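Q: Here the protein sequences come in this chain order: A and B. Last residue of the first sequence? That's 422 in the working numbering, and every number before it is there in order. Last residue of the second sequence? That's 343 in the working numbering, and every number before it is there in order.
Do not take every clue at face value.
[Claimed, not checked] Simulated restraints on C-beta separations:
hint : chain 1 : residue 1 : chain 2 : residue 2 : range
1    : A       : 183       : B       : 219       : 41 to 51 Å
2    : B       : 208       : A       : 139       : 39 to 49 Å
3    : B       : 95        : A       : 80        : 30 to 40 Å
4    : A       : 57        : B       : 331       : 46 to 56 Å
5    : B       : 337       : A       : 365       : 52 to 62 Å
[Said to hold, decoys possible] Cβ-to-Cβ under 7 Å is the rule here; a few derived chain A residues that face chain B:
hint : residue
6    : 112
7    : 130
8    : 341
9    : 342
Read the hints as simulated data drawn from the structure, not as lab findings. All values reported here derive from a predicted model rather than from experimental measurement. Don't be surprised by glycine CBs; every beta carbon is placed ideally from N, CA and C.
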Amino acid sequence: MTDAIIRAENVSKHFIISHQQREKYTSLRDVLAGKAGRLFSLRSNSRSGPISKEEFWALKDINFEIKQGDRVGIIGRNGAGKSTLLKILSRITEPTSGRVIMRGRVASLLEVGTGFHQELTGRENIFLNGAILGMSRAEIKSKFDEIVAFAEVEKFLDTPVKRYSSGMYVRLAFAIAAHLEPEILIVDEVLAVGDTQFQRKCMGKMEDVSKREGRTVLFVSHDLNAVNKLCNSAIMLEKGKLFKNDTVENVIDAYLSLSLMPGSASQSSRTGTSEISLISLKFKNSDQAEIQNLTAGAALYIEMTCEAKADMKNVQFAICFNDMYNTRITSIWSAFKGKSFDITRGVFKVEFKIDSLGLIPGNYQVISYINLGEITVERIDNLRMVNVIFNEKKIDCTIPSVSQGFYVEQFETSVQALKK
Amino acid sequence: MTIKDSLLMTMTNVVIERGRTQKNYWRDLWRFRELFYILAWRDVKVRYKQTVIGAAWSVIRPLLTTIIFTMVFSRVAKLGVPGDAPYAIMVFVGMLPWQFFATALSDSSNSLIGNSNLVSKVYFPRMIIPASSIIMGLVDFSISFFLLLVMFLFYQYVPDIKIFLLPFFVIMALAASFGIGLYVTALNVKYRDFRYIIPFIVQIGLYISPVGFSSSVVPERWRLLYSLNPMTGVIDGFRWCVLGQPLYWPGFAISCVIVVFFLWVGIAYFRKTERGFADNI
Numbered sequence: 003m004t005d006a007i008i009r010a011e012n013v014s015k016h017f018i019i020s021h022q023q024r025e026k027y028t029s030l031r032d033v034l035a036g037k038a039g040r041l042f043s044l045r046s047n048s049r050s051g052p053i054s055k056e057e058f059w060a061l062k063d064i065n066f067e068i069k070q071g072d073r074v075g076i077i078g079r080n081g082a083g084k085s086t087l088l089k090i091l092s093r094i095t096e097p098t099s100g101r102v103i104m105r106g107r108v109a110s111l112l113e114v115g116t117g118f119h120q121e122l123t124g125r126e127n128i129f130l131n132g133a134i135l136g137m138s139r140a141e142i143k144s145k146f147d148e149i150v151a152f153a154e155v156e157k158f159l160d161t162p163v164k165r166y167s168s169g170m171y172v173r174l175a176f177a178i179a180a181h182l183e184p185e186i187l188i189v190d191e192v193l194a195v196g197d198t199q200f201q202r203k204c205m206g207k208m209e210d211v212s213k214r215e216g217r218t219v220l221f222v223s224h225d226l227n228a229v230n231k232l233c234n235s236a237i238m239l240e241k242g243k244l245f246k247n248d249t250v251e252n253v254i255d256a257y258l259s260l261s262l263m264p265g266s267a268s269q270s271s272r273t274g275t276s277e278i279s280l281i282s283l284k285f286k287n288s289d290q291a292e293i294q295n296l297t298a299g300a301a302l303y304i305e306m307t308c309e310a311k312a313d314m315k316n317v318q319f320a321i322c323f324n325d326m327y328n329t330r331i332t333s334i335w336s337a338f339k340g341k342s343f344d345i346t347r348g349v350f351k352v353e354f355k356i357d358s359l360g361l362i363p364g365n366y367q368v369i370s371y372i373n374l375g376e377i378t379v380e381r382i383d384n385l386r387m388v389n390v391i392f393n394e395k396k397i398d399c400t401i402p403s404v405s406q407g408f409y410v411e412q413f414e415t416s417v418q419a420l421k422k
Numbered sequence: 063m064t065i066k067d068s069l070l071m072t073m074t075n076v077v078i079e080r081g082r083t084q085k086n087y088w089r090d091l092w093r094f095r096e097l098f099y100i101l102a103w104r105d106v107k108v109r110y111k112q113t114v115i116g117a118a119w120s121v122i123r124p125l126l127t128t129i130i131f132t133m134v135f136s137r138v139a140k141l142g143v144p145g146d147a148p149y150a151i152m153v154f155v156g157m158l159p160w161q162f163f164a165t166a167l168s169d170s171s172n173s174l175i176g177n178s179n180l181v182s183k184v185y186f187p188r189m190i191i192p193a194s195s196i197i198m199g200l201v202d203f204s205i206s207f208f209l210l211l212v213m214f215l216f217y218q219y220v221p222d223i224k225i226f227l228l229p230f231f232v233i234m235a236l237a238a239s240f241g242i243g244l245y246v247t248a249l250n251v252k253y254r255d256f257r258y259i260i261p262f263i264v265q266i267g268l269y270i271s272p273v274g275f276s277s278s279v280v281p282e283r284w285r286l287l288y289s290l291n292p293m294t295g296v297i298d299g300f301r302w303c304v305l306g307q308p309l310y311w312p313g314f315a316i317s318c319v320i321v322v323f324f325l326w327v328g329i330a331y332f333r334k335t336e337r338g339f340a341d342n343i
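This is chain A alone, in the form it adopts within the complex (with noise of 0.2 Å):
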């Protein structure tokens, strides 16, 4: 016997899609029509063929085992199949074949504040949801101060939730669901809608629940740097399929290089004389193995092979990085160091060294810029796009984002007592 809290055996479902169906239901007058239609073909013996159908398999043969107090996430594109699988977990739907094998009680958050009567004041809500999340009344009554106080509302706990702001609304439905203390808590994509002070602390909530009472989080999530930061392991699913089932820092790395798959970004566009031209660009880390996300704030090497077809000199060789929104945050020229280099005909690698990579995490379009003097020997827009991610492990870390600025110095910081 393993010592899985969750084992997921060939877990697949699949929904049928009607082509002829508009509507999400259907009605009575359809079925009817159907059923006198099939009865009349029957008779005639005609080929009037059924209703086109397609099998969708949201979710196909998956298989996993989650350990007591792992923290998990889960990620993937959209329609990858990461709600279904969770309320499958959840038992909200069966699967259609397969089985999952649970130790203990499971609290599924899918979404924020489900069954909150917005008539219903805060306190009568807190009851409500509790006991829809299946906590008992004794239960929540000994939680009651606990949650007020995380949710901070207690200004406002005989208000009418239909008068509360959103972030107030998110905060005490997720501090209900957080005060549940099932064996394992499975929360979806929820806390996007909090400020950010708050979903700190629901992350830090979610670790403490993990950490030290030993049970097991499966986490949704869009947000990489929240997934990186609060989770140990993550499952990838793509497509309905497990794509990658590992250490957090290997499932992004896997989820990122295939969204950024040569395709998914706009065409590249070749400029300039062309006498020398680039074959391939390598990002390395400083192992010197090549990486496909940077990181922020580490040593990064990056590596340009380039082809001469004749000999040339005072060559200068450029990376340049744009933001989403196509604006130049950086440009790593080797004009700004003074060097040009005199290249003979044939193949030769350019390098780049940066100790610590100053750019913000999100996601940057490469730009690759060969020049003599004035002229432009040759300029690829939209090389390539890179993501930059940020991999401080630590819970209270602020991720640097686009409103602190565009890149991030490099420094220490300190108190120090003075005396008078």
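Given the coordinates of chain A, work out where chain B should sit on it, guided by the hints.
A: Only chain B this time, still in chain A's reference frame:
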């Protein structure tokens, strides 16, 4: 022993598999009873929010209908009453179970759709939803029953001693509405047509059930057929134990059989389709 170990020891295995939920359904239903209470409490609490006269609506509606029915059937149609009860009381005693049945049926048949967010986001035995929605009808019933006592005082009428048998007939009305309600609410998930059928049935039913008149006005040879309407048996039973009117036993037996039949069909169909609710709603 660490916390981890103690957690593992207290845990029970849950297996999720196709058709698996059926095996411990009734135990789960019992385990989730607090949810049943709280959903019923929610419905009651929310029912008359943002209304000026609030729960008085539970009194006004049956009262006005009773007055109109008394006028129409007693004064205009000149129908009589077996026994000595005033016509208004006879109508009201019929109105009580009918109103309960109508409220319970329409509430329960819309209950799953009305709680679709719960159905698609949380697990619990789904039968809790229609079951808890019926409680609202019981609350209205109790309020109206109090009004009946006021009417006894007003008309100086002493009810029959058999009034203590009334709970049996209340249960029968409850079973009738729950059975049909379960069936319809399950159908409603897939075929929204029933959202329009139910108000129609309730409206027609008020006239074809013996609410405004005594079922004794129905010709003898039609009475068995008339008792196929389960509410005929319930209403007759109410009048039998409150007003001491004679009960037509063969008809009543048929009504009972119909109620049990609907209850069985309702539960069976609900259980069969329940597993697909989250996918279809």
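Q: Confirm or reject each hint.
A: Evaluation of the provided hints:
no., hint, verdict
1, A/183 - B/219: 41 to 51 Å, "violated (58 Å)"
2, B/208 - A/139: 39 to 49 Å, "violated (29 Å)"
3, B/95 - A/80: 30 to 40 Å, "holds (39 Å)"
4, A/57 - B/331: 46 to 56 Å, "violated (26 Å)"
5, B/337 - A/365: 52 to 62 Å, "violated (42 Å)"
6, 112, "holds (5 Å)"
7, 130, "holds (6 Å)"
8, 341, "violated (58 Å)"
9, 342, "violated (63 Å)"
Violated hints, listed in ascending order, are 1, 2, 4, 5, 8 and 9; each of the other numbered hints is respected by the structure.
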